[in-house]
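Read left to right, the sequence shown gives residues 2 to 223 (our numbering).
By construction, these hints were calculated from the structure, which means they are not laboratory data. Any given hint might turn out to be false.
Stated by the list, open to error - Straight-line Cα separation of at most 25 Å, SDA-like style, residue types lysine to any residue; simulated pairs: (1) Lys92 to Ile122; (2) Lys203 to Gly54; (3) Lys150 to Arg131; (4) Lys47 to Glu99; (5) Lys52 to Pro3; (6) Lys162 to Pro3; (7) Lys92 to Arg131; (8) Lys203 to Ser142; (9) Lys162 to Glu128; (10) Lys46 to Val30; (11) Lys150 to Val194; (12) Lys150 to Ser186; (13) Lys162 to Phe141; (14) Lys47 to Val58; (15) Lys43 to Gly54; (16) Lys95 to Lys150; (17) Lys162 to Gly189; (18) Lys52 to Ile122; (19) Lys202 to Lys92; (20) Lys203 to Cys174; (21) Lys203 to Lys150; (22) Lys202 to Pro176.
Unchecked claim - Quick list of the computed label-pair ranges, beta carbon to beta carbon: (23) Thr18 to Leu135: 17 to 27 Å; (24) Glu23 to Leu187: 16 to 26 Å; (25) Arg100 to Gln164: 34 to 44 Å; (26) Pro3 to Asp61: 27 to 37 Å; (27) His132 to Ala66: 20 to 30 Å; (28) Leu135 to Trp73: 20 to 30 Å; (29) Pro3 to Glu123: 29 to 39 Å; (30) Pro3 to Glu177: 18 to 28 Å; (31) Val91 to Gly54: 19 to 29 Å; (32) Glu201 to Pro103: 47 to 57 Å; (33) Glu27 to Thr85: 19 to 29 Å; (34) Glu27 to Ala66: 16 to 26 Å.
Just so it is clear, CB atoms sit at the ideal spot from N, CA and C, and this is done for glycine as well.
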Amino acid sequence: MPLYVVGAGPGDPKLLTIRARELLEEADVVAYGDLVPEEVVKIAKKARVVKIGHRRVEHDAAIEALIEEARWRNVVILKNGDPTIFGRGVKVCKMARERGVPCEIVPGVSSFTAAAALFQIELTDGENLRHIALLSYPHFSADILREIKADTLVIFMMGDKLQEVSQVLAQVCNPERVYLCVGVSLGGYCEEVSPEVLGEKKGLRPTLVIVQRCTSSKSIKM
Numbered sequence: 002m003p004l005y006v007v008g009a010g011p012g013d014p015k016l017l018t019i020r021a022r023e024l025l026e027e028a029d030v031v032a033y034g035d036l037v038p039e040e041v042v043k044i045a046k047k048a049r050v051v052k053i054g055h056r057r058v059e060h061d062a063a064i065e066a067l068i069e070e071a072r073w074r075n076v077v078i079l080k081n082g083d084p085t086i087f088g089r090g091v092k093v094c095k096m097a098r099e100r101g102v103p104c105e106i107v108p109g110v111s112s113f114t115a116a117a118a119l120f121q122i123e124l125t126d127g128e129n130l131r132h133i134a135l136l137s138y139p140h141f142s143a144d145i146l147r148e149i150k151a152d153t154l155v156i157f158m159m160g161d162k163l164q165e166v167s168q169v170l171a172q173v174c175n176p177e178r179v180y181l182c183v184g185v186s187l188g189g190y191c192e193e194v195s196p197e198v199l200g201e202k203k204g205l206r207p208t209l210v211i212v213q214r215c216t217s218s219k220s221i222k223m
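Could you put together the complete structure from these sequences and hints?
Listed below in C-alpha cells is the structure:
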C-alpha cells in the first residue's frame, strides 16, 4: 500500500482538499504533529491516531515505524499547511521509496496563502510586489535577510521569537508593511504592526509574519 503524506491545511477542516478528506475517512492509521488541529484528525473516525514529536530524532523514528506499517495498512501522515513547505513531505516519501513503499503527497492550503486570502493581504501584484521568499527558524538572521531581494517575505514558525524578528528587521531594512498573523483560519487574525510593536508580542501560536518591501539596506549593528 502507499504511504500518504497529506496537507492538513491551515487549521479549518473546511479548507481540506477533497482528496485529503477521502484518505482520512479511509485511513487505518493517522499520524500528526502539534500544529495539526484535533478537528482535522477527528475526520479519521476509524483510524488509530499517533502523535509525532517535532524533534528530528523523534520525528524520523516515528516516520520509520509508519513506513513499515504502510506495507499492510492505510497510513496517513498529516502535515500542517502544505507538506512541501517546511513539512519535509518529499523527504518522507524518499525514505518510503528507499524501503520499497510507494508514497503519495497530497497538497494542502498553506497558512501564508490562507492568511493572504482570508485577510486580503496582497502577496504579489505584478508591479511593486513581484517576488516572494519563504523563511523559517532557525534559518533566519540579519545576514540571511540582507541577501534576499524579494518584495514579500513570509517568516514561519517564529511565535516565540518575534522580538528577534523585530530586531533583525530594524537592523536590515525599513519595511513598508509588516503583518502579524495568528491562527489565521481558526478564529485568529492578521494585523498590520510596526517592527517595534511586533517585538512586544509574546505567547502567540501558530504565528507567521508577512513583511513587504524590506528593501532599504542598513549596516548591521554589533
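Tested hints:
Among the hinted pairs, Lys92 with Ile122 is inconsistent with the structure: their alpha-carbon atoms are about 31 Å apart, more than 25 Å. About 23 Å separates the Cα atoms of Lys203 and Gly54, which keeps this hinted pair within 25 Å; it holds. Using a Cα cut-off of 25 Å, the hinted pair Lys150 and Arg131 holds, with the two alpha carbons roughly 10 Å apart. The hinted pair formed by Lys47 and Glu99 fails the criterion: a straight-line CA distance of about 29 Å is larger than 25 Å.
With a C-alpha separation of about 20 Å, the suggested pairing of Lys52 with Pro3 holds against the 25 Å cut-off. Proximity of Lys162 to Pro3 is assessed by CA-CA distance (about 38 Å); at most 25 Å being required, the pair is judged violated. Of the pairs offered as hints, the one joining Lys92 and Arg131 is violated, with about 29 Å between alpha carbons and a cut-off of 25 Å exceeded. Between Lys203 and Ser142 the CA atoms are separated by roughly 19 Å; this keeps the pair inside 25 Å, and the hint holds.
For the hint linking Lys162 to Glu128, the alpha-carbon distance of about 32 Å lies beyond 25 Å, and the restraint is violated. For the suggested pair Lys46 and Val30, the alpha carbons sit about 10 Å apart, so the restraint of at most 25 Å is met. Proposed proximity of Lys150 and Val194 is supported: the alpha carbons are some 22 Å apart, at most 25 Å. Restraint check for Lys150 and Ser186: the C-alpha separation of about 29 Å exceeds 25 Å, so the hint is violated.
For the given pair, Lys162 sits about 11 Å from Phe141 by alpha-carbon distance, which is consistent with the 25 Å threshold. With a C-alpha separation of about 28 Å, the suggested pair Lys47 and Val58 falls outside the 25 Å cut-off, and the hint is violated. Taking the CA atoms of Lys43 and Gly54, the gap is about 19 Å. The hint holds against a cut of 25 Å. With a C-alpha separation of about 31 Å, the suggested pair Lys95 and Lys150 falls outside the 25 Å cut-off, and the hint is violated.
Restraint check for Lys162 and Gly189: satisfied, since their Cα atoms lie roughly 19 Å apart, inside the 25 Å limit. Between Lys52 and Ile122 the CA atoms are separated by roughly 33 Å; this puts the pair beyond 25 Å, and the hint is violated. Among the hinted pairs, Lys202 with Lys92 is inconsistent with the structure: their alpha-carbon atoms are about 34 Å apart, more than 25 Å. Of the pairs offered as hints, the one joining Lys203 and Cys174 holds, with about 23 Å between alpha carbons and a cut-off of 25 Å not exceeded.
A hinted pair counts as satisfied when its Cα atoms are at most 25 Å apart, and Lys203 with Lys150 does not qualify at roughly 29 Å. Pair hint Lys202 plus Pro176 holds up; C-alpha atoms about 18 Å apart against a cutoff of 25 Å. The hinted range of 17 to 27 Å is satisfied by Thr18 and Leu135, whose Cβ atoms lie roughly 21 Å apart. A C-beta distance of roughly 23 Å is found between Glu23 and Leu187, which places it inside the suggested range of 16 to 26 Å.
Taking 34 to 44 Å as the suggested C-beta distance range, the pair Arg100 and Gln164 conforms, at roughly 43 Å. Under the hint 27 to 37 Å, the C-beta atoms of Pro3 and Asp61, about 20 Å apart, miss the expected range. The beta-carbon spacing between His132 and Ala66, approximately 40 Å, falls outside the hinted interval of 20 to 30 Å. In this structure the supplied range 20 to 30 Å is violated for Leu135 paired with Trp73, their Cβ-Cβ distance being about 37 Å.
In this structure the hint that Pro3 and Glu123 lie 29 to 39 Å apart at CB holds, the actual value being about 38 Å. Range check, Pro3 to Glu177: Cβ separation about 45 Å, and the 18 to 28 Å hint is violated. Between Val91 and Gly54 the Cβ separation comes to about 20 Å, which falls inside the hinted range of 19 to 29 Å. Between Glu201 and Pro103 the beta carbons are some 49 Å apart, a value that agrees with the proposed interval 47 to 57 Å.
Glu27 and Thr85 have their C-beta atoms about 22 Å apart, which keeps the hinted 19 to 29 Å range intact. As the Cβ distance of Glu27 to Ala66 is approximately 20 Å, the hint placing it in 16 to 26 Å holds.
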